[in-house]
Amino acid sequence: MTFDEVVAIIVRSLMISGSATALASVWSIPTAMKLVMSDSRASRVLIDVSNALTSMPTVILGLILYLVLSRSGPLGSLGILYTPIAITIGQSLLITPYIISLTVSLLFEKRREVWETALSLGATRWQAAATAVKEGAAQLITVMLIAFNRAIGELGVALMLGGNIKGFTRVMTTAIALEVSRGDFSLALTMGGALLTLTMLIAITTRLVSKIL
Amino acid sequence: MTQPHRLFITLTLLALIAVGAVIYQQYLTQGGQVLRVATTTSLYATGLLDALGEAFRKSHPGAVVQFIAVGTGEALRRAEMGDADLVLVHAPALEAEYIAKGVLGEGVIFAYNYFMIVGPSEDPAHIAGKDPVAAVREIYRAGELGYAFFVSRGDESGTHVREMTLWRLAGLEPDGKSWYLETGSGMAETLRVANERRAYTLTDVGTWLKLEKELKELQPLVAEGDILLNIYSAYIVNQNKNNELARLFMEFITSEEGQEIIREFLPMFRPIGQDTIEELRQRWELLKEV
Chain A
2 MTFDEVVAII VRSLMISGSA TALASVWSIP TAMKLVMSDS RASRVLIDVS NALTSMPTVI
62 LGLILYLVLS RSGPLGSLGI LYTPIAITIG QSLLITPYII SLTVSLLFEK RREVWETALS
122 LGATRWQAAA TAVKEGAAQL ITVMLIAFNR AIGELGVALM LGGNIKGFTR VMTTAIALEV
182 SRGDFSLALT MGGALLTLTM LIAITTRLVS KIL
Chain B
29 MTQPHRLFIT LTLLALIAVG AVIYQQYLTQ GGQVLRVATT TSLYATGLLD ALGEAFRKSH
89 PGAVVQFIAV GTGEALRRAE MGDADLVLVH APALEAEYIA KGVLGEGVIF AYNYFMIVGP
149 SEDPAHIAGK DPVAAVREIY RAGELGYAFF VSRGDESGTH VREMTLWRLA GLEPDGKSWY
209 LETGSGMAET LRVANERRAY TLTDVGTWLK LEKELKELQP LVAEGDILLN IYSAYIVNQN
269 KNNELARLFM EFITSEEGQE IIREFLPMFR PIGQDTIEEL RQRWELLKEV
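First to last, the sequence lines map onto chains A and B.
For the first sequence, our numbering assigns the number 2 to the initial residue and increments by one for each residue that follows.
For the second sequence, our numbering assigns the number 29 to the initial residue and increments by one for each residue that follows.
Please keep in mind that the hints were generated in silico from the structure rather than gathered at the bench.
Take the hints with a grain of salt, since some may be wrong.
Just a few of them, taken from the derived set where beta-carbon distance is under 8 Å, the chain A residues facing chain B [what the hints assert, rightly or not]: (1) Met16; (2) Ile30; (3) Arg72; (4) Leu76; (5) Gly137; (6) Lys167; (7) Ser182; (8) Arg183.
Built from N, CA and C at the ideal position, the CB exists for glycine as well.
The whole structure should be built from the sequences, with the hints applied where relevant.
See below:
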């Protein structure tokens, strides 16, 4: 594997998992807000379901989505199986329960100190929830970071939906798996080291950024 | 007071930009016609397919060949689902099944090599030089006595299918025995397990030659016998999305240029010659039955 190829794989991984995290945040954070706000029995059950779904094996999610996106599946006409966008969708679904669960626990924590104060100052419920989210922005970034790390480090979805196609859907984890199967342990370990270094750098950067916020 | 909709708009915009970037990159990469080839792992892991794919791209600019490397069983299954235009496989019995089902259309033989039984150097079951079926009988006997282990792919790959054929020809059923280990993974991983456990296993010669150096505990013991012939075929999937390109690629790998590339991979893979093709076809018909 050439150096250019490795760089391309790293950039591709960042783009796919980054967009998956952004996409999942769009529906997960408001969902978490809604769940905390309503505080009904139904929402508690939903929070339990979300917590349980964090244990979803990536290959099972990959298989389910494969059957949906396959040419003979219900969404086969879209023709997105074995493309980067399929991995993005799969990973965004994979990390949805993570973001919901972590945001919910973050909001419950912020609830007393920020939320209720905001309410007492005459805010609407959504405004109060949004204030709590904003007050917890630093932790929320950590939540998204954990979700991103889960996405970039997973193998099952990327392999089932992407197919590990060279120069197209090959991401870091599938490249590592391929090198192991090819018997090139040193290249696999190098890629693994690159993946860890990368996530660590991102973690440090976000910590510094969230300090400024 | 924080306005909730501002938060959502920011998040949504961010996501749209990110997803847009992925789609844009996809669009850039995917220009031209795309051929999806589901292939067996041994062809891919040895680097043969990348070599063939690159040469094909040179002579057919604008064509994009995407290889999805899975076992033969999974490749055929994915073809049945309509997610591949062409398959490269090596399990005549399974191929015949999918031809009968109407999944596979026209096909050609494009390369061959051999399977072999490798095992620990001291050969506790005394199989060296024996006939393959007699060898698995000896392994079974030694396994029952506690002298030997056998590692199986257990993944319905071409190699696994052939291994099952050997046991069936020997009239034995190793499934569930304590000395019979199923890895459920690729050939390289399975060879490594055999190496660590000092066990016997069936391998294709290509993967063996690629990893031979690091498998210090193992050596080839049985490599002779008609039943060990390993024939690689390409088939156009009936329900394909790119018939023209599939046909061109199939013609390319059997053309002189394609066969020359395969020849460079000797002795991992052998090209087909005018004199061998008829015999290979007959042998394929025989292997289909066993």
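Could you tell me which of the hints above the structure violates, numbers in ascending order? 4 and 5
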